[in-house]
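Please build the complete structure, drawing on both the sequences and the hints.
2 protein chains.
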Amino acid sequence: MTDEPLRYDLWIEDAFRSVVRRALAYTAAKGLPGDHHFYITFRTAASGVRIPAYLKAQHPLEMTIVLQFKFDDLAVDDGGFSVTLSFKGRRENLYVPLAAVTSFADPSVNFGLQFKINAQGEVQAGAGGQIPDIKPAGPETLAPKPTTETPPKPLSAPSSTPGQVIALDQFRKK
Amino acid sequence: MTDEPLRYDLWIEDAFRSVVRRALAYTAAKGLPGDHHFYITFRTAASGVRIPAYLKAQHPLEMTIVLQFKFDDLAVDDGGFSVTLSFKGRRENLYVPLAAVTSFADPSVNFGLQFKINAQGEVQAGAGGQIPDIKPAGPETLAPKPTTETPPKPLSAPSSTPGQVIALDQFRKK
Numbered sequence: 000m001t002d003e004p005l006r007y008d009l010w011i012e013d014a015f016r017s018v019v020r021r022a023l024a025y026t027a028a029k030g031l032p033g034d035h036h037f038y039i040t041f042r043t044a045a046s047g048v049r050i051p052a053y054l055k056a057q058h059p060l061e062m063t064i065v066l067q068f069k070f071d072d073l074a075v076d077d078g079g080f081s082v083t084l085s086f087k088g089r090r091e092n093l094y095v096p097l098a099a100v101t102s103f104a105d106p107s108v109n110f111g112l113q114f115k116i117n118a119q120g121e122v123q124a125g126a127g128g129q130i131p132d133i134k135p136a137g138p139e140t141l142a143p144k145p146t147t148e149t150p151p152k153p154l155s156a157p158s159s160t161p162g163q164v165i166a167l168d169q170f171r172k173k
Numbered sequence: 000m001t002d003e004p005l006r007y008d009l010w011i012e013d014a015f016r017s018v019v020r021r022a023l024a025y026t027a028a029k030g031l032p033g034d035h036h037f038y039i040t041f042r043t044a045a046s047g048v049r050i051p052a053y054l055k056a057q058h059p060l061e062m063t064i065v066l067q068f069k070f071d072d073l074a075v076d077d078g079g080f081s082v083t084l085s086f087k088g089r090r091e092n093l094y095v096p097l098a099a100v101t102s103f104a105d106p107s108v109n110f111g112l113q114f115k116i117n118a119q120g121e122v123q124a125g126a127g128g129q130i131p132d133i134k135p136a137g138p139e140t141l142a143p144k145p146t147t148e149t150p151p152k153p154l155s156a157p158s159s160t161p162g163q164v165i166a167l168d169q170f171r172k173k
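Sequence lines, in order, name chains D and B. Residue numbers 0 to 173, in this note's numbering, belong to the letters of the first sequence in order. Residue numbers 0 to 173, in this note's numbering, belong to the letters of the second sequence in order.
Everything labelled a hint here was simulated from the structure, so no lab data went into it. It should be emphasised that the depicted structure is a prediction, and the values quoted were computed from it without experimental measurement. One thing to keep in mind: the hints can contain errors.
No copy is singled out in the list; a pair is fine if it fits within one copy or between any two copies.
DMTMM-like mimics (lysine to aspartate or glutamate), calculated; alpha carbons at most 20 Å apart, straight line [said to hold, decoys possible]: (1) 87 - 3; (2) 29 - 3; (3) 55 - 77; (4) 29 - 72; (5) 69 - 34; (6) 29 - 2; (7) 87 - 72.
Here it is, written out as structure tokens:
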């Protein structure tokens with residue numbers, strides 16, 4: 000619980016979600032440029048997520064999708080994105096609100112963002128309120144087109160390498 | 000020069016500017032809450048900056064203002080903010096575009112953001128182009144109401160302390 004009105008942590012989180020949105024919007028309009036590809040992890044039980052029941056059953060907490068070789072119908076709206084992916088040969092259309100996204104990575108440039116805030120909508124930027132510190136189950140990677148590459152490991156501290164994964168914990172007050 | 004279309008670095012910078020805007024907008028509407036106060040450094044020669052000529056002459060590169068005890072008429076629009084401050088007893092109204100801001104700090108919670116991108120408008124997110132790596136002259140602090148407190152030193156790497164200064168260099172590819 001906090002009555003802190005200047006919620007830099009939540010604002011940074013909102014701001015980072017806008018970066019995810021920009022990357023997806025670019026890709027929806029023009030396709031993935033160069034070697035870019037995205038690993039996106041989201042909370043399957045979060046409000047607004049639309050995925051087939053069997054995927055939800057297999058991934059009750061979180062699910063990671065990969066936008067790389069085989070995806071279609073990527074569309075981005077103000078609140079999230081939809082995309083069609085193959086899951087063991089079945090084409091499925093998913094809708095994922097940005098607020099449900101817990102991490103985003105573009106391994107081609109070693110860039111990543113990690114979100115920790117509850118995606119259920121209990122916490123709104125600037126509104127204050129309880130921040131359940133839900134630890135996501137370690138990523139259950141579900142790559143439509145598995146590659147030998149693994150997503151970069153989230154770092155809690157930047158390294159000196161160009162590009163990196165930013166954990167929102169960095170901005171969170173204890 | 001870069002033809003990289005996914006400019007995460009610029010997008011993060013845009014996103015961080017939106018955080019500065021939120022803090023200022025809150026303060027314009029409700030005043031500074033608690034011990035919060037802001038150190039804002041901006042490039043005095045950047046496009047859209049409006050400051051008296053004698054201040055520009057004294058601070059040809061950068062100027063740091065403090066919003067703490069004595070400021071009035073803070074107003075925020077989409078592009079920037081205006082505020083009235085005292086400079087050796089003279090009340091002056093300044094207008095600072097967000098794009099001209101090179102750093103923002105709220106020492107009360109040890110929070111800070113540092114921007115490096117040229118504020119002249121040559122670089123637009125997503126547009127590619129040259130990024131002049133202008134090193135700002137070390138902050139010429141001009142505190143309307145000097146205190147013994149100094150702004151937190153920008154860190155290039157996060158520490159384990161809650162809150163911190165984020166340098167945009169972290170996100171910049173070499």
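These are the hints, each one checked on the structure:
1. 87 - 3: neither (47 Å within a copy, 33 Å between copies)
2. 29 - 3: Only across copies: residue 29 and residue 3 sit 13 Å apart there, 41 Å inside one copy, limit 20 Å.
3. 55 - 77: neither (24 Å within a copy, 41 Å between copies)
4. 29 - 72: within (12 Å within a copy, 44 Å between copies)
5. 69 - 34: within (14 Å within a copy, 52 Å between copies)
6. 29 - 2: This pair counts as between: shortest inter-copy Cα distance 14 Å, intra-copy 43 Å.
7. 87 - 72: within (18 Å within a copy, 61 Å between copies)
Consistency note: the structure conflicts with the earlier hints numbered 1 and 3.
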